[in-house]
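Enquirer: Chains L and P are the protein sequences, given in the same order. Basically the working numbering = 1-based index in the first sequence + 76. Basically the working numbering = 1-based index in the second sequence + 43.
FYI, nobody ran anything at the bench for these hints, they're computed from the structure. Built from N, CA and C at the ideal position, the CB exists for glycine as well. Careful: at least some of the hints might be erroneous.
Unchecked claim - If you want the ones that stay clear, here's a sample from chain L, every Cβ over 10 Å from chain P, calculated: (1) Gly100; (2) Gly143; (3) Arg160; (4) Ser172; (5) Arg185; (6) Gly186; (7) Arg187; (8) Leu191; (9) Thr195; (10) Arg197; (11) Gly208; (12) Ser216; (13) Arg262; (14) Ala268; (15) Arg272; (16) Asp331.
Stated by the list, open to error - Label-pair restraints from in silico Cβ distances: (17) P:Val126 to L:Ser89: 16 to 26 Å; (18) P:Ala329 to L:Ser89: 53 to 63 Å; (19) L:Arg206 to P:Ala138: 42 to 52 Å; (20) P:Leu331 to L:Gln201: 52 to 62 Å; (21) P:Ile45 to L:Ser150: 31 to 41 Å.
As the list claims (entries may be wrong) - To be clear about the criterion: a stretch of chain P counts as covered by chain L if any three or more of its residues have a C-beta under 8 Å from a C-beta of chain L, and this derived list gives those stretches: (22) 193-201; (23) 269-279.
The chain contents come next:
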Amino acid sequence: MLDLDNASVIFQSPGGPAVRALDGVSLHVPAGQFVVVIGTNGSGKSTLQGAIAGTVRLSSGRIALAGHDITHWSQHARAGLVGRVFQDPRAGTAASLSVLENIAVAACRGRLPGLGWATNRGLRQEAADRLGRIVPGLESRLDQPIGSMSGGQRQIVTLLMATWHRPELLLLDEHTAALDPAAADRVVRATADLIRAGRLTALMITHSLAQAASLGDRLILLHRGRIELDVDGVAKRRLTPDELADRFDALRRADQLDDAAARTLADLYV
Amino acid sequence: MITLLSTWTFGLALALVALGVFVSYRLFSFPDITTDGSFTLGAVVAAGLIVAGHDPALATLAGMAAGATAGVTTAVIHAFLGVEPLLAGILVSTALASVNLVALGRSNVPLGQSATLFDCVDRRFGPLLARCGVDATLAGELARTGFALAIVVVAATLLYLFFRTRLGTAMRAGGDTPTMARALGRDTGLLTCGGLAISNALTAGAGGLVAQYQGFADVQMGIGMVVWGMASVFLGRALVHAAGLGTALAAAAAGSVTFRLLVASALRAGLDPDWLKAATAAVVLAALVAPRFLGSRSKP
């Protein structure tokens, strides 16, 4: 389904050092698998998602999705295959449009929009049914500007929009990070339900070790642009948040040791 | 009475600029300086074709097509060459100053005895109104005002209907939240091209109408039009609580007429015309900050 082959992303700022945000990552995600990606800040999680979504260009390597080599596809061209939910609820919905109009735009994902009416009775009925199934009561707010809704409600609508037409891959970029705990919990449950019901292939970035341990079929830990841990099956199910926290601490200690060694070498020889 | 009707007619013709600026600035968050150049371009193309003996309606449409081309040029410079919106607009507007001068051949072209859209309306509907008991001089001006009003109503209705279609809704989404539009498969560069084409076509249409109404085209006539458009949009928003698309479009058009009436009243009250631009800036500022002081009721 999703294949990354030796994917690297190098950021080069003028006059600054080259930063290897992704360092030869190879990854195969079979259809229907729910992958959770964690990692420290700067580990390459968002770069990995950006490379798959098309917002970040690969320096080398290739990406294939659903049998298509999408390495050089533009972001909007990949949208026909990829559904996305952003960290910021405001990034995934247009505030000045009503809930139904936002859904109408999503209903044309990956297709030519044409000059037919954006909203009609059929779309309204389907949107009400599907929204009401996720969060009962939201279906009565279809005509309200989505900008008047809370962050959690907007993320629920964004989730519905991203999965309106079954995506080949659902990308979730820390989509509960900006929400209060209660709203985050509702969005996480809705996410898990939608992925399970639609048997979707999904890749979710999170900073929550509790979410990382409890959600998904497979867990990937990124560090310095490389995959440090990749577990699935029984090993994934047995993972606890404490074990993941220990892993993080070990990586941080190794980083400090590396930095200390680098400083010592620099003092001695430079 | 005739002066008042003339003020309305002028304000209604310029309402097309307000609708154009509404599309570029409010729907696409694009401060499009091309407006100044495309207003003159519309006037120059329409006047040039009318003087050459072409049908005034076709000449006006040709002017609008030229304006649309200018808008697309600005959008391409911004969206595909990565130039900031303000700078892209300034570049195209500056280039248009030369284009307009070369196309017109000199700085000012009178339409003379050539038939304009307003002459056609005057000839067709003036006598009808006169037969209904309206004074003959007043009837002509009334017909012209009615014609300008009809054009603005048709333009606003077409805009409203277009922006309710799938393509139009995608354009509004692209202008509001580009990340969302791209994630849903829309090429925001192309959407911006479409938005600025519509915006500048309307502005050029206004230029064509104004040239025909005042009887001449001038290469300087577009200066300050973007400020006029913004003033109308902000004034309309301050006057009307514009929650929906239809109300917001109507408010922008009403803002233009109100603004024109304010300008005419100020001049009539003795304002030195040299201070007109400063007064315009003051009205824009007042319209911008008024909603904050009037409380949440007036917020967009």
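Enquirer: Against each hint, give a clear statement of whether it holds in the structure.
Expert: Against the structure, the hints:
1. Interface exclusion of L:Gly100 from chain P stands, the closest Cβ pair being 27 Å apart, more than 10 Å.
2. Chain P leaves L:Gly143 outside its interface by the beta-carbon criterion, the shortest separation being 19 Å against a cut-off of 10 Å.
3. For L:Arg160, the non-interface assignment is contradicted: its Cβ lies about 4 Å from the closest Cβ of chain P, within the 10 Å cut-off.
4. Residue-level check failed: L:Ser172 sits 5 Å from the nearest beta carbon of chain P, not beyond 10 Å.
5. Not every C-beta of chain P lies more than 10 Å from that of L:Arg185, the closest at about 5 Å, which undercuts listing it as non-interface.
6. The claim that L:Gly186 is not at the interface with chain P is violated, since a C-beta of that chain comes within 10 Å of its own (minimum 4 Å).
7. Its beta-carbon lying about 7 Å from the closest one in chain P, L:Arg187 breaks the requirement of being farther than 10 Å from that chain.
8. With 10 Å as the threshold on Cβ separation, the claim that L:Leu191 sits away from chain P is violated: the shortest Cβ distance comes to roughly 5 Å.
9. With a closest Cβ-Cβ approach of about 8 Å to chain P, L:Thr195 is found to fall inside the 10 Å limit, against its non-interface label.
10. Annotated as non-interface, L:Arg197 keeps its C-beta farther than 10 Å from every C-beta of chain P; the closest such distance is 14 Å.
11. Annotated as non-interface, L:Gly208 keeps its C-beta farther than 10 Å from every C-beta of chain P; the closest such distance is 22 Å.
12. Listed as a non-interface residue, L:Ser216 keeps its Cβ farther than 10 Å from every Cβ of chain P; the least gap is roughly 18 Å.
13. Residue-level check passed: L:Arg262 sits 21 Å from the nearest beta carbon of chain P, beyond 10 Å.
14. Separation of L:Ala268 from chain P is adequate, the least Cβ-Cβ distance of about 21 Å exceeding the 10 Å criterion.
15. Listed as a non-interface residue, L:Arg272 keeps its Cβ farther than 10 Å from every Cβ of chain P; the least gap is roughly 23 Å.
16. The non-interface label for L:Asp331 is consistent with chain P: the shortest C-beta to C-beta separation is roughly 32 Å, beyond 10 Å.
17. At about 22 Å, the CB distance of P:Val126 to L:Ser89 agrees with the hint of 16 to 26 Å.
18. Look at P:Ala329 against L:Ser89: about 44 Å separates their beta carbons, and that is not inside 53 to 63 Å.
19. Between L:Arg206 and P:Ala138 the Cβ separation comes to about 50 Å, which falls inside the hinted range of 42 to 52 Å.
20. Checked against the hint of 52 to 62 Å, the C-beta distance between P:Leu331 and L:Gln201 comes to roughly 42 Å, which is inconsistent with it.
21. At about 57 Å, the CB distance of P:Ile45 to L:Ser150 disagrees with the hint of 31 to 41 Å.
22. Evaluation of the coverage hint for the stretch 193-201 of chain P: breached, as 0 residues show C-beta separations to chain L shorter than 8 Å, against a requirement of three.
23. For a cut-off of 8 Å, the count of residues in the stretch 269-279 of chain P with a CB near a CB of chain L stands at 0, and the three-residue condition is violated.
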